[in-house]
Each structure stands twice: as C-alpha cells, then as structure tokens.
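*Asks:* Here is what each chain is made of, one letter per residue.
There are 2 protein chains.
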Amino acid sequence: MAQQKSMEDLFLLFLQDIYYAERQILKALPKMAKAVESPELKQAFLHHREQTQGQVERLQQIFEHLGKRARGTTCEALNGIVEESNELIEEFDTGPALDAGLLAGGQAVEHYEMARYGTMVAWAKAMGHAQVAQLLQQTLDEEKETDALLSKLANENLNQKAKAA
Amino acid sequence: MAQQKSMEDLFLLFLQDIYYAERQILKALPKMAKAVESPELKQAFLHHREQTQGQVERLQQIFEHLGKRARGTTCEALNGIVEESNELIEEFDTGPALDAGLLAGGQAVEHYEMARYGTMVAWAKAMGHAQVAQLLQQTLDEEKETDALLSKLANENLNQKAKAA
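Just so you know, the sequences run in chain order A and B. Under this note's numbering, the letters of the first sequence match residues 1 to 165, in that order. Under this note's numbering, the letters of the second sequence match residues 1 to 165, in that order.
If you're looking for bench data, these hints aren't it; they were derived computationally from the structure. Watch out, some of these pointers could steer you wrong.
When chains are identical, the list treats them as one kind, so a pair holds in a single copy or across two.
Calculated pairs, DSSO-like style, for lysine-lysine (alpha carbon to alpha carbon, straight line, at most 27 Å) [to be verified]:
1. Lys144 to Lys5
2. Lys68 to Lys34
3. Lys42 to Lys152
4. Lys125 to Lys144
5. Lys5 to Lys31
6. Lys27 to Lys125
7. Lys68 to Lys31
8. Lys5 to Lys27
9. Lys42 to Lys68
10. Lys68 to Lys152
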C-alpha cells in the first residue's frame, strides 16, 4: 500500500540516485578516456573525472548537512547510458566513429545530470535549504560547462573527421 | 573481436535506440498523466503523448529514407527513467510530492531525448542527410518546448505546492 511521502523523502531519494550516478561516472570516465582517439576528447573526459570527484564530495556535504548517511541507490538510467558506451567500445574499433559515439555517451550523461541537478536546485530552494541549493548549483554549472565543451568538440571536430573516415 | 564500423552504423544504432525509447514513452505517458493531481501537468503529459506519436512516425520516415526496416533496440537508459517513475507511483500517494517527482521524471526523459536528437541532427548534417536532419530537428524543437513547459510548471506551481504539503 502506498504511504504518504513528503518532498523531503523525494529529495533524499533523488540525492541517493545522483550519488550513485556520480560514483559510476567516476569509474566510467577513465575507460572512455582510454578508448578514444582524439587527444582533446581524452583530456575532456579526464578533466571531467576530476570535477566529478569534487561533485561527489559536495554530495557528501549535503548528506551531512541534512543529517543523513551518504549512500547511493541504483540509478538504472545512468547504468544504461554507461552500458551503451561499453557496448560501443566492444563493437567499434578505435577511430572517429567510436569517438563520436562516446562523445554522445558523455553528452547523454551530462543531460541526465543537468535534468537532475536542475530539479534538485529548485526543490532545495523551495524547501528553504539555501546552502544545499548553492552546492547543487555549483555542480549544475560544471555539468553545463562540460556539456558545452563536448558540444563544441562534436561540432568543430569529430563530426567532420567521422564523416571522412 | 571488434570490427571496423562506420558513422552510418553508429547512426542506425542510435536511430534504433531512440525508436525504442519513443515507443516506451508512448506507453509511459498515459500512466504518468493518470497518476498526477495537477490538471496542467496531466494536460502536458497527454499533449506530449500526441506529439510523441508524430515523432514515432517521423522516425519511421527516416528508416524508410535510409532504406532500413524500422525496428527498435532496447534503450536501458530510457527504461531506467520510466522504471523510476513507476516506483514513485507505487511508493507515493497522489499529491504534490508525487507530481513533483513525475514532473522530474518527464524532464529526465526530455533531457535524454534532447541529448540524442541533438547528436543525431549534427551527425545527419555531417553525413549529408539533409532531409533526415530536418525531420530530427523538428522533433528536437518539440522536445525543447516540452522541457521548457515542464520547467515552467515546476517553477511556478509544483514546488510551492509541494513545499506546503
């Protein structure tokens, strides 16, 4: 039977979901960086891995702020995106098409995160958790920057190379 | 053993992924519309279901244009997002918190689609498939509109109601 649950419950659920997601991303990025040919893309993935480490720490601060233990709950959406990238690594040889596919995988990750952090910033503000909202906003800004960088790499570089391959 | 694969292969793979995703969304939206309390949100989900029907038909046109049979391949990312919404419907009573959660689920779907269609528009252009790019762009524009509408509903309405609950 369904039980009445509050926005605080919902927020905690989403926090656990994104905490799991970020830690999976930490594991996935080095594998993606290793598989790509473009040095710029490799660098972008490795740089974002460093950022992600900071984002995990921010989430731990938020759990602490809320008086909750930091723990993740399986995020099947993120697992699905990562799994798709793993399949591309298995099925495609190193080269422009694989780079384009993994770049798209990276962008799918960023979009998932932007949707989640955008939602959670709005919720945190509405619930009066100003400090939490600020921490989440910092991460949201980083995810947007990363997505913009990946889009730039895609538009300027990889699509043309992939076409020529 | 990995085999050399082309951008055309990659494009077809992504087309099959989003074709599966759109048809899952067709099934999920009526369930989400039924579960929410806000009439505006219910209307937004039902309107997007109609749009999605048109988007599925556009994808069928693209398969035909490329001389390929329209078929989907399981998209675990989309399944994961839909599954999460189903869990919220089971765990939360009807009311503002459930509305906020399903609204966030809808936005996660839109973000996944925006990432995918954005990528595929760029690829179609790079590969010289102008007509295909145009069809995909139409859908991308609709997804962006839907996401903007959901954001508007979230900011103006649901967060405040949920806070008060």
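*Asks:* Compare the structure with each hint and give your call.
*Replies:* Now for the hints, and whether the structure bears them out:
1. Lys144 to Lys5: neither (31 Å within a copy, 31 Å between copies)
2. Lys68 to Lys34: Classified as neither: same-chain Cα gap 36 Å, cross-chain 33 Å, threshold 27 Å.
3. Lys42 to Lys152: within (14 Å within a copy, 37 Å between copies)
4. Lys125 to Lys144: both (19 Å within a copy, 24 Å between copies)
5. Lys5 to Lys31: Answer is between: at 20 Å across copies they meet the 27 Å cutoff, but 39 Å inside does not.
6. Lys27 to Lys125: neither (31 Å within a copy, 33 Å between copies)
7. Lys68 to Lys31: Neither: 32 Å inside a copy, 32 Å across copies.
8. Lys5 to Lys27: For Lys5 and Lys27, only the inter-copy Cα distance (26 Å) is at most 27 Å; the intra-copy one is 33 Å.
9. Lys42 to Lys68: For Lys42 and Lys68, neither the intra-copy (36 Å) nor the inter-copy (33 Å) Cα distance is at most 27 Å.
10. Lys68 to Lys152: neither (39 Å within a copy, 31 Å between copies)
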